[in-house]
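Undergrad: Okay, here's what each chain looks like letter by letter:
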Amino acid sequence: MDLISNLALGFGVAFTPINLLYAFMGCILGTLIGVLPGIGPVATIAMLLPATYALPPVSALIMLAGIYYGAQYGGSTTAILVNLPGESSSVVTCIDGYQMARQGRAGPALAAAGLGSFFAGCVGTLILAAFAAPLTELAFKFGPAEYFSLMILGLIGAVVLASGSLLKAIAMIVLGLLLGLVGTDVNSGVARFSFDIPELTDGIGFVVIAMGVFGYGEIIVNLAQPESNREVFTAKVQGLFPTKQDLKDMAPAVLRGTTLGSVLGILPGGGALLAAFAAYALEKKIKMKAGEVPFGKGNIRGVAGPESANNAGAQTSFIPLLTLGIPPNAVMALMVGAMTIHNIQPGPQVMTSNPQLFWGLIASMWIGNLMLVVLNLPLIGMWIKLLTVPYRYLFPAIVLFCAIGVYTTNNNTFDIWLVAAFGFIGYYFNKLGMEPAPLLLGFILGPMMEENLRRALLLSRGDWRVFVTRPLSAGLLVGAALLLVIVLLPSVKSKREEAFVED
Amino acid sequence: MNIKSQKDFFAGLTYLVIGAAFAWGATTYSVGQGARMGPGYFPLMLGIVLALLGTVIGVKALVVDVPDGDKVSRWVWRPVFFIVAANIAFGVLLGGLPSIKLPACGLVAAIYALVLISAQAANTFKLKEVLILSTILAAGSYVVFILVLKLQIQVWPAFITG
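In order, the protein sequence lines correspond to chains E and R. Yeah, the first sequence ends on 502 if you go by numbering that gives the first Met the number 0, and it's all consecutive. Yeah, the second sequence ends on 161 if you go by numbering that gives the first Met the number 0, and it's all consecutive.
Bear in mind the hints are in silico, worked out from the structure with no lab data behind them. Hints may contain errors.
What the hints assert, rightly or not - Stretch-level coverage of chain E by chain R, calculated; a stretch enters the list once three of its residues show a Cβ under 8 Å from a Cβ in chain R:
no., stretch
1, 213–224
2, 300–312
3, 393–407
4, 428–442
5, 460–471
Glycine residues also receive a C-beta, built at the ideal position from the N, C-alpha and C atoms.
Hey, can you work out the whole structure from these sequences and the hints?
TA: Here it is as structure tokens:
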């Protein structure tokens, strides 16, 4: 069977000692940073990207994938222990997880999160391996018109995730697209919006934007708040393992969360965050058993469901990236950047041209998941210690890593001036409630969208109807329109706002 | 006329200005037409879309009521200033600044400057602590970036190493 032989090839690559080491390092770093409040996977990957330059491409991507999962796990640890989501997809975990911790049941909550995530990760890996090949077949049917429509669908999907105003999120995407166009136009060689600055003719580095807006921006926002707003809680974690009743309660929630997360992860724009929110909503809808703790008061299902969902979603969101080359969220957008740095053009050809890389990455995801369970459960005590590091030591270190990271990308001081500017812009965005995540997505897709629009219209001789007359393209656009309608429906709209109140 | 949502009004204004600037800038390149797009086509289109979105957001902020006026909270300039300044000092010391004949001073000096300046962004600045922190970070960065990752960064000032 193809699936088996492919997975065998993958495990052959992933089980080399050096790749195991990088997967392990990625998991540790990711967990470490995911545990730190205020630094999500986006900033982490942006920060650690330069560290992977010197590695071979397979190892680099394996390490980055490890960081991604690690950040997911680490985020849930702080969400449960100190009510601080280390990253956005563990926001819902806070609701019931922290309540459990306050009742002295932090152990079962952490175990539920860890075991649920591991199960979801295993299923996600299998789905990824099984569906990657057929989806790649589909990808070869894609012409420029389909790609353009798919990107529209992806960007609209990203809007669903943004908190706050829909219009503002769309505007952020457009702004991102525009920023992505800065630099030399590939077709005409004209340097656009470069103001005769030689460094700008290569375009703005996405590491610069990511670190400026996310890294520096977040630090400035954090420091602008009074110190008392950063809550720290150092209760003893006792009794790691859940009781039999706990296991019985959480098992169906884990199954439901995994299913939901796997489906939502595949959709462009889905990913871990949406999966977690949807799973929590689903668990709340399911009828309570007699004597069960209500939601919001420490129900273990409220931890297990969303945590499984966000991990399954994290896993399957690699599908659109690896098969179509379309990043479904900001983290994946960074992975595209990482691939291009290593001279790999993400897309359907990766599977045939770099089978080692493709299947090696998939196999290492499962290994990464396993490592995370092994790493996380016994080391919880150590992670909590990290939280006692005062923020006043932490933030200069973060500023330093950002600055070094940006400089080493191009060995260019101009990028350092630029990142300072984007740091201020990040603060400005925050002040006016402008969500930066869609901007990063638009920024990555900008040049790709222009190129595909250009080709599609060239082939159709300037006829815009090409996007609706080709069935695949029309279907994708209908999907995008449906998403917009669904989000705008009053009932969903209020739910969505409710879900983001915690943000 | 009252501004109903301050945040949205200024956000809309920002989009309008940036969109208009991009659209105006795009017209200085050849725009072309659908079938043969020039370098100005796509940015002109996007610039107009952004400006329109900005206008809608801004007008909505004038018309639609929101509870508590959605005020822009107070700007806190201290972290902005010190973070940006730390960053600039880092760049200047690391790369040197030929225009004022400042030679490159290398990574270690740049790290000390960055940590010393950025630490003042918080109001809990203690010199001794920050000096210890910057020494740890400098040593750590040296090990990680120079010894392990072998990045090509100048470590010591140019006038010492020659």
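Undergrad: State for each hint whether it applies.
TA: Each hint, compared with the structure:
1. 213–224: holds (count 5)
2. 300–312: With 0 residues closer than 8 Å to chain R, the stretch 300–312 of chain E misses the three-residue bar; violated.
3. 393–407: holds (count 9)
4. 428–442: holds (count 4)
5. 460–471: As far as the stretch 460–471 of chain E goes, the hint holds, because 4 residues have Cβ atoms under 8 Å from chain R.
When each numbered hint is compared with the structure, a violation occurs for hint 2 only.
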